[in-house]
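Enquirer: Protein sequence lines correspond, in order, to chains C and P. Under the working numbering, read the first sequence as residues 1 to 323, first letter to last. Under the working numbering, read the second sequence as residues 1 to 305, first letter to last.
Worth double-checking, as some hints may not be accurate.
Unchecked claim - Using 27 Å as the maximum straight-line C-alpha spacing, the simulated DSSO-like pairs for lysine-lysine come out as follows: (1) P:Lys-259 - P:Lys-122; (2) C:Lys-33 - P:Lys-47; (3) P:Lys-259 - P:Lys-159; (4) P:Lys-61 - P:Lys-47; (5) C:Lys-157 - P:Lys-259.
Hints listed in this document are in silico derivations from the structure and should not be mistaken for laboratory results.
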Amino acid sequence: MAFRTRKTESDNEAAKAPRSRSLTRDAMRRLMKNRGAVAGGIILLLFIFAAVFADFVAPYSSTEGDILDNYAAPTAAHPFGCDFMGRDVLSRLIYGARISLAAGFVGAITAFCIGVTFGLISGFFGGKTDNFMMRIVDIMYGFPTLLLIILLMVFFKSSFSVSGVAGGGFRGMLSDLDRSMGGMFFIFLGIGLTSWLGMARLVRGMTLSVRNTEYVESARAIGTSRIRILFRHILPNVLGPAIVAQALQIPGFIQYEAFLSFIGLGVNPPTPSWGMMLSQGYLAMRSHFHLVLWPAVAISVTLFAFNFLGDGVRDAFDPRQTR
Amino acid sequence: MFSFIVRRILWTIPVILIVSSITFLLMHSVPGSPFTRERALPAAIQKNLEAKYHLNDPLWKQYIDYMYGFVRFDFGPSIAYRSRTVNDILAQQWPVTATLGGVAFLFAVCIGIPLGVLSAVKQNTLIDNGSMVAAMLGVSVPAIALGPFLIWIFALKLKWFPVATWGSPAHIVLPALTLSTAYLSRFARITRASMLQVVREEYILAARAKGLREVVVNLRHAFRNALIPVTTIAGPAFADIVTGSLVVEQIFAIPGIGKYYVQSIGNRDYPVIMATTLLFALIIVVMNLLVDISYAMLDPRIRYS
Numbered sequence: 001m002a003f004r005t006r007k008t009e010s011d012n013e014a015a016k017a018p019r020s021r022s023l024t025r026d027a028m029r030r031l032m033k034n035r036g037a038v039a040g041g042i043i044l045l046l047f048i049f050a051a052v053f054a055d056f057v058a059p060y061s062s063t064e065g066d067i068l069d070n071y072a073a074p075t076a077a078h079p080f081g082c083d084f085m086g087r088d089v090l091s092r093l094i095y096g097a098r099i100s101l102a103a104g105f106v107g108a109i110t111a112f113c114i115g116v117t118f119g120l121i122s123g124f125f126g127g128k129t130d131n132f133m134m135r136i137v138d139i140m141y142g143f144p145t146l147l148l149i150i151l152l153m154v155f156f157k158s159s160f161s162v163s164g165v166a167g168g169g170f171r172g173m174l175s176d177l178d179r180s181m182g183g184m185f186f187i188f189l190g191i192g193l194t195s196w197l198g199m200a201r202l203v204r205g206m207t208l209s210v211r212n213t214e215y216v217e218s219a220r221a222i223g224t225s226r227i228r229i230l231f232r233h234i235l236p237n238v239l240g241p242a243i244v245a246q247a248l249q250i251p252g253f254i255q256y257e258a259f260l261s262f263i264g265l266g267v268n269p270p271t272p273s274w275g276m277m278l279s280q281g282y283l284a285m286r287s288h289f290h291l292v293l294w295p296a297v298a299i300s301v302t303l304f305a306f307n308f309l310g311d312g313v314r315d316a317f318d319p320r321q322t323r
Numbered sequence: 001m002f003s004f005i006v007r008r009i010l011w012t013i014p015v016i017l018i019v020s021s022i023t024f025l026l027m028h029s030v031p032g033s034p035f036t037r038e039r040a041l042p043a044a045i046q047k048n049l050e051a052k053y054h055l056n057d058p059l060w061k062q063y064i065d066y067m068y069g070f071v072r073f074d075f076g077p078s079i080a081y082r083s084r085t086v087n088d089i090l091a092q093q094w095p096v097t098a099t100l101g102g103v104a105f106l107f108a109v110c111i112g113i114p115l116g117v118l119s120a121v122k123q124n125t126l127i128d129n130g131s132m133v134a135a136m137l138g139v140s141v142p143a144i145a146l147g148p149f150l151i152w153i154f155a156l157k158l159k160w161f162p163v164a165t166w167g168s169p170a171h172i173v174l175p176a177l178t179l180s181t182a183y184l185s186r187f188a189r190i191t192r193a194s195m196l197q198v199v200r201e202e203y204i205l206a207a208r209a210k211g212l213r214e215v216v217v218n219l220r221h222a223f224r225n226a227l228i229p230v231t232t233i234a235g236p237a238f239a240d241i242v243t244g245s246l247v248v249e250q251i252f253a254i255p256g257i258g259k260y261y262v263q264s265i266g267n268r269d270y271p272v273i274m275a276t277t278l279l280f281a282l283i284i285v286v287m288n289l290l291v292d293i294s295y296a297m298l299d300p301r302i303r304y305s
């Protein structure tokens, strides 16, 4: 755990001194030696690049195709072929990277914010508050996540979107937002609302232990306010490990999005999502296997890269683990 | 120990109660009713149907009625499948899901754990590195990508197994493989890590010093203790596999409880949604309970007060 406090002059001197290394730099060095993790990182950077610059990278439109090209086999013009509406599969894959990565990252951030807030409050106030809040987490653990997320998605989609009276108040605003994001907003919300439990437990545990350290005690002794202690002394120490732990969850979130889109509860067509491409390609698999193959490869490679990088990061930051 | 178990069992009651309440509320706040059609039913018929299923009672009364049925394990009639009760549906679909989940869990345990032990014993050899990369691949490929792939290779090209649906033992293989791969890999990775940790303990050194054969040291002394973290994930993994069967049932068109669940949500078939959620919640809660108990049995250092 990297204990980070305000940079002082002595810190700067230590950085200049020849043989001292910070924990983070040490970890980075270990990470760079891990070939799998580096390869995973490079692949991810490529995917992120493609996702961000999809408008320039993708050769065709992702939502409009040429009907004459439907089910076209891979050719020089369409290296991965075309789907049932004549849309270029490669272009859809590139735009699909946006959806998958966004689901992974934004889903993680949503769950992170809920979990950290919950855990921080629970651990910081302790006592009855802590007990009550942790029982809530225990109960939520009894929920079958997959079932809950499906129910939530149906709830969001039909109570906010189908009503058709968009533009009316808060619900209309949410539904407009979701529609403008191609159905992504509710996916973020669904993932965030169901996946914060582990984070809450982790942060609560760390908060409890940091709260009892000497420097927090001395901060309290000199009359630092509770709010200041919470944000200045506890939060920075909890944040590092929490971010690593949350990053390891990203592949799971990407899978949720893919599955939801696969069963038709994810993104709205024609937004290209790998999960939706899989479900559409699946129907024509017998004759046009390329429609399944490439989305399957894309999602597998992404998750593979994430997992390798994640493993590397965890090993690098936790030297006790054997390798 | 005994009072711990009793307390844990009693704790499941509020968990199940609250899970069911939240599901109930969420479910009823989804717009639309089981009788929403493209062409609206005549008002009188709609009213009669709603009266028949008590859907025009106030929500709290429906909830109390439902919970009263639930404690007697009577989940009421299905709304979408007129002539059947939810109990009938569960009795028919649950064995399918349970079989699929059970076989997948067996695959995961019987292949994953030995693979992990083998990797640990042969640490940093070709076998170890090969199986760990394979395990990483297994964790990474999602079921919705793996399923179609397996179908294409083993059903469409090689014609070894049927493409989809349910019936004979051959029908189980591909879906069970799809379902178990991620967990098999997870078991292998955790077993390996745990073995490597245990092997460095002093009692292993003592066992070696006594001159015990390597096999005995590895299996009797190291493996038994290495199993503790594996058991911790085995319980939740079982619950996850059974829940994850929902995904695989979609891919392979298997008439299990998960496929029904997705349909029931579309149909607003409230009793089926409730019963399925409760069943899965019960499995999760029981699995967590078993883990806690087995923990204490495997490691005598852990004592619950």
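Enquirer: Against each hint, give a clear statement of whether it holds in the structure.
Expert: Hint check results:
1. P:Lys-259 - P:Lys-122: Measuring from Cα to Cα gives roughly 42 Å; hence the hint is violated.
2. C:Lys-33 - P:Lys-47: Status violated; Cα separation ~70 Å.
3. P:Lys-259 - P:Lys-159: The hint holds at about 25 Å.
4. P:Lys-61 - P:Lys-47: holds (18 Å)
5. C:Lys-157 - P:Lys-259: holds (20 Å)
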